[in-house]
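Peer 1: Here's the letter readout for the chains.
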Amino acid sequence: MHELGIVFHIIKQVRQVAEQNGATHVSKVVMNIGEVSTVVPYYLEDCWKWAVEKEDMMKGCELEILTIDALTHCDSCNCSYPTVANGKICPRCGSDRTWLERGNEVEIKEIEVI
Amino acid sequence: MDPVKVIEIKKSVFDDNNADAQKLRNELKHKGVYLLNLMSSPGSGKTTTLVRTINLIKDAIRVAVMEADIDSDVDAIRIKEATGVESIQLHTGGMCHLDAEMTRQGLGNLSLSETDLVILENVGNLVCPAEFDTGSCCNVMILSVPEGDDKPLKYPLMFSVCDLVLINKTDVMPYFDFDLEKCKANIHLRNPRATVIPVCAKTGEGIDVFAQWIIDQVAAWKER
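Protein chains in written order, with our numbering: chain A, 1 to 114; chain B, 115 to 338.
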């Protein structure tokens with residue numbers, strides 16, 4: 001359900017860019033999806049297949065998902081570590097003064113148009 | 115056939131909604147209307163808390179309510195009957211959250227010139243509403259005791275976007291393994307700035323603190 005709302009936002013933005021570039025059809029959309037973005041790629045693809053068929057200029061449009069690994073930075077010992085395996089607490093020094101460096105992306109990378 | 119052209123976009127999907135939300139906040143600021151976005155799980159006591167709170171503040175400030183649900187209008191009717199304030203129901207058409215555009219459409223159905231505070235009761239859900247900025251001036255969430263003190267760890271985004279967390283149903287705390295101090299620590303681990311107020315919508319405990327918090331926020335919004 002969450003993914004459906006995101007798909008509607010993607011389609012809206014892609015359509016705008018395609019129209020600005022005088023394109024008649026969008027054949028592919030490439031997305032950067034962070035590991036901890038809360039977007040489930042499988043659901044996104046499912047919603048995608050349903051939603052693009054309702055858009056004239058996006059019928060059959062392919063969705064490619066690139067996964068971005070999540071990294072957290074620790075301010076206490078100035079290191080970066082994988083977020084999914086370790087969470088909020090730094091595995092090196094045990095500090096909680098940490099912040100997400102990357103992995104939260106829900107980003108349209110590029111599109112292919114005709 | 116025409117050659118395929120690649121256009122680089124490199125833009126977050128949420129950018130448009132975030133910009134739209136900021137625009138809506140500016141419009142509300144101009145009108146002197148404060149929008150409070152209330153989020154929680156289903157069954158945490160949002161509507162009961164609202165009824166109690168509105169009855170405490172409605173003589174001091176003019177309140178209106180927007181109830182967002184996937185279907186039905188039971189909440190909007192209940193608010194109207196129990197408080198007498200203007201209350202409308204928004205249907206999300208199957209979607210699990212509201213975005214800025216849906217919120218703007220809802221606000222269009224209220225008499226904003228006669229309102230100081232609009233409370234948006236978002237769809238009951240701890241995941242999706244946190245992703246979409248509604249254009250609200252603050253985010254409040256309710257965590258009820260039966261849900262457990264570990265929820266801030268399981269739904270970090272929701273807790274990190276909230277200005278205020280109400281811990282509701284404190285009357286049943288003895289029957290659940292709920293550690294209030296541990297819960298506060300879990301919330302502050304995600305969001306050191308969040309204010310936490312324990313309340314019980316059934317007995318009214320703590321509702322006066324929440325009511326005063328709202329009145330102060332609305333006054334500051336109108337002054338700034």
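Just so you know, these hints were derived from the structure itself, not from any lab. We put the CB at the ideal spot given by N, CA and C, even for glycine. Just so you know, not all the hints are guaranteed correct.
Some residues of chain A that are not near chain B, with every Cβ distance over 12 Å (derived) [what the hints assert, rightly or not]: (1) Ala23; (2) Val39; (3) Asp46; (4) Lys59; (5) His73.
In silico DSS-like cross-links for lysine-lysine, where the CA-CA straight-line distance does not exceed 30 Å [as the list claims (entries may be wrong)]: (6) A:Lys54 to B:Lys119; (7) A:Lys88 to B:Lys268; (8) A:Lys12 to B:Lys265.
Peer 1: Give a verdict on every hint.
Peer 2: For each hint, the structure was consulted:
no.	hint	in the structure
1	Ala23	violated (7 Å)
2	Val39	violated (9 Å)
3	Asp46	holds (14 Å)
4	Lys59	holds (16 Å)
5	His73	holds (16 Å)
6	A:Lys54 to B:Lys119	holds (23 Å)
7	A:Lys88 to B:Lys268	holds (12 Å)
8	A:Lys12 to B:Lys265	violated (34 Å)
Of the numbered hints listed earlier, those contradicted by the structure are 1, 2 and 8.
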